[in-house]
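Produce the complete structure using the sequences and hints provided.
Chains as they are written, first to last, in my numbering: chain A, 1 to 414; chain B, 1 to 414.
Everything labelled a hint here was simulated from the structure, so no lab data went into it. Since this is a predicted model, take the numbers as computed values, not measurements. Note that beta-carbon positions come from the ideal geometry of N, C-alpha and C, so glycine has one too. Treat the hints with care, as some may be off.
[Said to hold, decoys possible] Label-pair restraints from in silico Cβ distances:
1. A:ALA308 / B:VAL234: 47 to 57 Å
2. A:ALA308 / B:ALA268: 14 to 24 Å
3. B:VAL143 / A:PRO144: 29 to 39 Å
4. B:GLU323 / A:MET99: 30 to 40 Å
5. B:GLU363 / A:THR253: 53 to 63 Å
6. A:VAL172 / B:THR248: 43 to 53 Å
7. A:ASN169 / B:HIS385: 32 to 42 Å
[As the list claims (entries may be wrong)] One-sided excerpt, in silico: chain B residues whose CB lies under 10 Å from chain A:
8. ILE12
9. ALA97
10. MET99
11. ALA285
12. PHE298
13. GLY301
14. ALA309
15. LYS310
Protein chains: 2
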Amino acid sequence: MRIEVINTGTEIMLGNVLNSHLGYLSNAIFPLGLRVQRQATVPDGDAIRDALVETFERADVVFVTGGLGPTTDDITREIVCELLGLTMQHDEEIWQAIMARFNRRGIPWNDRVKLQALHPAEARVLQNPHGTAPGLYFPPLPVPGTAMKSPHIFLLPGPPRELHPMVDNLVVPLMREIAPAAAAHELRSFRTTGLGESRVEELVGEPLLALGLEVGYCARPGEVDLRIIGAPAVLDQGEAVIRQKLGTFIFTTDTRPLEGIVVAALIAAKKTLALAESCTGGWIANKITNIAGASEIFLAGYVTYANAAKTRTLGVPAELIAEHGAVSEPVARAMAEGARAQSGADIAIATTGIAGPGGCSEEKPVGTVFNAIAVRDAETRVFKHLFPTDRETFKHLVAQTALDLVRRSVACAT
Amino acid sequence: MRIEVINTGTEIMLGNVLNSHLGYLSNAIFPLGLRVQRQATVPDGDAIRDALVETFERADVVFVTGGLGPTTDDITREIVCELLGLTMQHDEEIWQAIMARFNRRGIPWNDRVKLQALHPAEARVLQNPHGTAPGLYFPPLPVPGTAMKSPHIFLLPGPPRELHPMVDNLVVPLMREIAPAAAAHELRSFRTTGLGESRVEELVGEPLLALGLEVGYCARPGEVDLRIIGAPAVLDQGEAVIRQKLGTFIFTTDTRPLEGIVVAALIAAKKTLALAESCTGGWIANKITNIAGASEIFLAGYVTYANAAKTRTLGVPAELIAEHGAVSEPVARAMAEGARAQSGADIAIATTGIAGPGGCSEEKPVGTVFNAIAVRDAETRVFKHLFPTDRETFKHLVAQTALDLVRRSVACAT
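This is the structure:
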């Protein structure tokens with residue numbers, strides 16, 4: 001079953017808004033064994049006609065988002081009716097619902113709003129309790145002037161808060177009827193940190209392909225996602241290969257980021273965390289505090305950018321900094337231990353490095369970093385890395401390696 | 001000039017990753033008077049062939065992102081060569097750069113990496129200092145078996161940290177050559193903070209349109225960019241309108257982010273900064289430390305997430321927290337003053353708020369935040385806002401308002 005998505009909207013085209021619709025629809029139909037084969041974005045207005053006509057030749061199902069509203073560039077409904085030779089009719093039930101909505105909010109309405117209550121009798125109305133414009137579902141219909149039938153066409157609202165419940169509550173059940181026998185293919189994914197993309201492929205690529213699995217890689221700074229797609233029995237064999245070869249480099253098989261895993265592990269282990277950040281400049285604290293529930297385990301972060309702050313806030317001896325430099329093994333150690341002492345946390349990590357462009361020496365080139373981890377009743381450990389890259393990627397890479405120290409530390413302790 | 005974008009990547013198709021490429025490219029070519037007319041996403045692999053062939057009939061310029069890496073699903077280069085009848089050759093210079101990159105990082109490389117050094121003689125190499133795979137530019141070439149020439153084709157890397165600098169430094173200058181007439185119009189942009197998009201439009205929209213200028217708005221959390229396009233003489237009149245109506249809400253007319261303006265202003269004023277972050281969780285420190293030169297002015301950031309940390313690190317009296325709550329005017333004030341005292345900085349800002357989902361009350365709903373600014377020899381000021389939104393947007397909005405306090409404070413003092 002071939003599925004395509006058409007997103008309409010000048011604001012997406014101009015780059016003002018990220019397109020989250022494709023991801024939402026893909027995730028929603030994936031459990032039915034269905035996948036989107038192609039997606040297109042077109043501006044509001046007539047461009048949607050060309051994009052839609054093209055899908056008639058290729059697709060079994062087309063999801064169109066946007067263009068159902070009351071403004072002059074919202075013409076998706078009209079275009080579909082024109083292509084299929086259908087006539088729009090006023091739907092009093094929809095109109096009453098729209099008016100009730102406006103009245104409830106005390107918003108005045110004008111005649112253009114009434115357009116949203118128009119649809120042809122051939123389309124099924126998809127109720128929209130979160131907005132005024134309902135969605136529409138068109139079953140396959142004869143295309144005038146041709147011998148073919150149209151694909152199943154869904155016209156869906158653009159605002160995510162309207163689209164998401166409509167997809168979950170109405171579109172997915174309809175898709176289950178339309179595609180009852182969709183192939184029982186499954187996907188498993190493995191998120192890893194600590195290995196490069198080509199190293200991951202070297203370790204598992206051949207044996208997975210030999211099993212007949214579809215294999216995909218996605219690399220981001222400091223992590224590589226691995227995905228395998230196939231029949232469940234084969235996936236089990238594939239997973240065994242992956243677990244044997246990648247072992248503890250895998251940090252999760254769901255969609256959580258590394259910091260989500262770290263926060264969950266700390267909550268489960270009832271351990272608290274503090275951070276002493278120099279070169280990462282608050283990036284690790286920010287990642288941790290993006291996770292709901294972080295307040296249970298995160299006590300404090302110290303962004304000790306200046307040397308004086310390392311001394312005043314974390315108690316790093318000024319002589320230590322003078323003797324070894326701020327980017328050094330002893331200073332990283334003292335920062336982590338100072339953060340633990342100052343906050344009273346069970347675990348503290350520290351980062352000190354040279355993000356560049358300035359601040360380097362021959363002995364310590366740009367990208368040099370020391371990560372330290374101090375754990376209650378354990379010896380503090382310090383690790384040196386070299387990440388010669390741009391400033392923001394450097395922060396990412398240092399954060400990943402530092403967070404991974406916490407993950408591995410908590411995993412070992414439990 | 002018709003421009004299309006093809007994004008390749010199974011991870012985008014499957015909904016694992018949001019597509020930010022279209023927005024980046026659209027914004028980059030907008031100042032040349034160019035716009036993307038259509039965008040398609042296809043999975044890794046052969047689907048890119050069909051998508052590309054279709055654009056040959058319609059487009060003058062095609063940007064393709066992704067599929068240049070070393071893994072088996074990275075076959076964009078091969079497909080373009082096959083379509084245009086070109087032969088790939090080993091490029092020793094690229095290969096040396098790739099090896100140098102691997103050696104610098106001490107990462108072992110394998111034979112697949114070598115594929116990234118292949119390209120046909122007809123393509124121009126776009127250097128990629130932020131990754132291994134270079135981009136490629138194909139000028140219009142005869143399409144075998146047809147009478148037509150191919151569009152200008154750009155093959156660009158998928159990772160944003162590689163794509164963005166390549167677009168800025170190499171693609172935009174090339175596009176200026178390809179579309180010189182389009183660049184005859186001039187663009188001026190104004191970045192504002194503190195006003196909503198519809199308020200900005202209400203203030204300047206009509207008079208600018210009356211001047212015959214093309215007007216564009218781009219809203220992000222906490223800021224609105226305003227762009228006007230037209231002939232220089234008319235732009236002067238438009239700029240006068242904008243400056244009169246928007247005044248100090250404009251923080252820059254270049255592309256620097258607000259934190260870049262704040263760091264530059266502090267450096268110019270020879271003032272130092274400290275941060276006390278609760279609800280922003282290190283996000284402001286991270287923004288500041290993304291700016292090269294931040295170490296000149298940024299002394300320390302305190303991410304005092306737990307109440308105990310507010311007391312231990314910043315000296316906020318425990319009774320004050322008990323009496324007023326951590327999210328309150330007096331605690332914000334004490335945090336800012338504590339951060340200034342602890343760090344010795346000239347200026348300190350503090351944020352304390354309720355990001356949600358938990359922690360709210362009827363009196364203090366989710367989204368409530370207090371920002372404080374403490375300045376040497378001045379009275380500390382506290383501002384209350386309400387940003388009822390998701391966790392990450394909340395952080396953005398609080399950071400913008402807090403940074404703007406610093407910007408306005410330094411601007412007033414100088």
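A quick look at each hint next to the structure:
| no. | hint | result |
| --- | --- | --- |
| 1 | A:ALA308 / B:VAL234: 47 to 57 Å | holds, 52 Å |
| 2 | A:ALA308 / B:ALA268: 14 to 24 Å | holds, 22 Å |
| 3 | B:VAL143 / A:PRO144: 29 to 39 Å | holds, 34 Å |
| 4 | B:GLU323 / A:MET99: 30 to 40 Å | violated, 49 Å |
| 5 | B:GLU363 / A:THR253: 53 to 63 Å | violated, 43 Å |
| 6 | A:VAL172 / B:THR248: 43 to 53 Å | holds, 50 Å |
| 7 | A:ASN169 / B:HIS385: 32 to 42 Å | holds, 35 Å |
| 8 | ILE12 | holds, 7 Å |
| 9 | ALA97 | violated, 13 Å |
| 10 | MET99 | violated, 13 Å |
| 11 | ALA285 | holds, 3 Å |
| 12 | PHE298 | holds, 5 Å |
| 13 | GLY301 | holds, 3 Å |
| 14 | ALA309 | holds, 4 Å |
| 15 | LYS310 | holds, 9 Å |
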